[in-house]
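J.: Chains G and R, in that order, are what the protein sequence lines are. Those letters in the first sequence? Residues 759 to 995, by my numbering. Those letters in the second sequence? Residues 37 to 418, by my numbering.
Errors might be hidden in some of the hints.
[What the hints assert, rightly or not] Label-pair ranges, simulated between beta-carbon atoms:
#1 R:60 x G:882: 49 to 57 Å
#2 R:50 x G:957: 43 to 51 Å
#3 G:823 x R:42: 55 to 63 Å
#4 G:897 x R:73: 31 to 39 Å
#5 R:54 x G:896: 32 to 40 Å
#6 R:155 x G:864: 29 to 37 Å
#7 G:896 x R:387: 35 to 43 Å
#8 R:180 x G:835: 37 to 45 Å
#9 R:156 x G:864: 27 to 35 Å
[Claimed, not checked] Result set (DMTMM-like, lysine to aspartate or glutamate): computed pairs, CA atoms no more than 20 Å apart in a straight line:
#10 R:243 x G:849
#11 G:914 x G:865
#12 R:397 x G:788
#13 R:191 x R:299
#14 R:199 x R:217
#15 G:914 x G:788
Source of the hints: derived by calculation from the structure; they are not laboratory data. Using N, Cα and C, we set each Cβ at its ideal position, and we do this for glycine too.
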Amino acid sequence: MSLLRAHGLTAGYGPVTVLNGIDLEVNEGEIVVILGANGAGKTTTMRAVSGTIPRSGAVEFDGHDISRTSPDAIVRHGVAQVPQGRGTFPELSVEDNLRAGAITRRDGAGAVAADLQRWFEQFPRLAERRSQRAGSLSGGEQQMLAIARALMSRPKLLLCDEPSLGLAPLITKELFEVIERLNREEGLSVLLVEQNANLAMHMASRVYLLETGRIVASGSAAELSADDTIRKAYLGF
Amino acid sequence: MSVPFTLRSGGPGSWALRLAAGAVLVYLMFWIPTQASNGVIDTCITALTLMAAAMALNLLLGYTGQISIGHSAFFGIGAYTTGILVSKYGWSPFQTLAVAFVVAFVVGALVSLPALRIKGVYLALVTLSLGLVFPQLIKAPKMEWLTGGARGLDKTGFKFTKKNPTYEIFGWNPWGNLRGENVKPFLYWIAMIIVIIVYVVCRGVVKSRAGRSLIAIRDNETAAAVMGVNLAVTKGLAFGLSAALCSLPGCLSAIRTGNVTPDSTNLTVLGAITFLIVMVVGGAGSLWGPIIGSALYVFVTDRTGDWSDKEAIPAVLRPFFGWSHTPPGSGIFAVVLIALMFVAPFGIVGMWHRVIGRFVKVVPRPAGTGTIDAPATAPAEA
């Protein structure tokens, strides 16, 4: 069943249109990867889905039309975004960062505390640094924190904007394992944007290839890497 | 580097320290109105006024990261709301506090509208223009019937009569009264209560879910938005609350002096800048920063108030300040401000934390205690 469905999604910044009417679908339990070079519109796609920039076209999430919904309401529907770069709140403690992820929840302090406990167990390194400033964490830890914080809103769909940015290959691998595990064990659907095609395609259920604001190819990871022209032109291996 | 002492947060040691600090504060709070001279009490009221205003600004700038160089306007709204209601309509000064709070909240929330679109220097300019316009608006000929124009308003304070009650506890009266002979302590306590109210509100906001939203906006606006913080509503409330709290010391100023004029310092942009500076010197984004900054500022300006007379300057300092024909208080504070930017970029409170950190290691509450009491779920195996 499709969880997120975008049709003719167009978005940009001021007079500049970056995204030219893309169609996109994420089914429940899938990891969908969007690949593309710099400036292809990957981050813009994420922002258009989460509603943080003006957009047009149809966006449907979990049976609701969210094409005119405000970002906070979209979070309440069950979409959580891990923004690009170090998307943490550096002056808040690790714990308060996680609590900030639960801002939209109205199911009581007990449930939030239970989730807090749960993610501390899943991410023991965050538990150790619980009362440290988030800004004092390493890049990899901050990215973990950003993911855990997004999970605090109990999302059905996690938007990950280039989590590997500026991280060592080993840390990136670890991070992707975490995302895969969440998908496998929690049934979390993931929409992931990446430049690192090689790594991301391993775990992708389906892949979209984005170029200058248009989707130029889509299909399973195997299909795309089997196509020689696509592989050479876009994937670089 | 090893640290000689450790202190467990929430442990008996930290509670003992808190109690001791609290006791000293309460002792001082009562010592000032009962033992100190009227002059000292008066200076303290000035400091308390500044504290409340700086704390209100801190909520907006220190925590939400939205700059305002126009908070003098909100201070002025407080002063004029009290002034107009008391002098023209015969209200009791206390009742006017609530009205001022609401009026300033609404105006503050309206000012937040441009803040949704603009940031940094541009927001500074918009709020600056608010601060500049306010005294002009008060002095505008068409407003004179209400505001008294450039002459301002008088009889805006309490009416003293021998019939007013006293509030003795077994013959001990730290509160003062409104009979005209022991007024200073009474005003001091109003100021103190306003400061306590502003502190308690700020603390309540900052330590709550709302406070995390504010800091989230300050630290990373995009991330805050995708976490589900409603930027428009949150900024609007932060502006409104900050403005409303800033109006309270304004009311106090009208009550205290018994008159309101559009040119008194705290109602002009100079006042807004003072709020800003004392907050930064004390430590923006900390609850005690504005309090300490204000106390220091008033102490310095009070001590150097008569230094325009050469003979009043202590002999050691005379070569440095003897040339000045005006009190050098603001100048000294400006130098302190510049120096602090180098040695303590997070203000006096930040410096305090750094110095204390060399001697005392504060151990945070261990994970799994405190607010977390829900049953732990079994960790999923990777």
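J.: Going through the earlier hints one by one, which of them does the structure break, listed in rising order?
T.: 1, 4, 7, 8, 12
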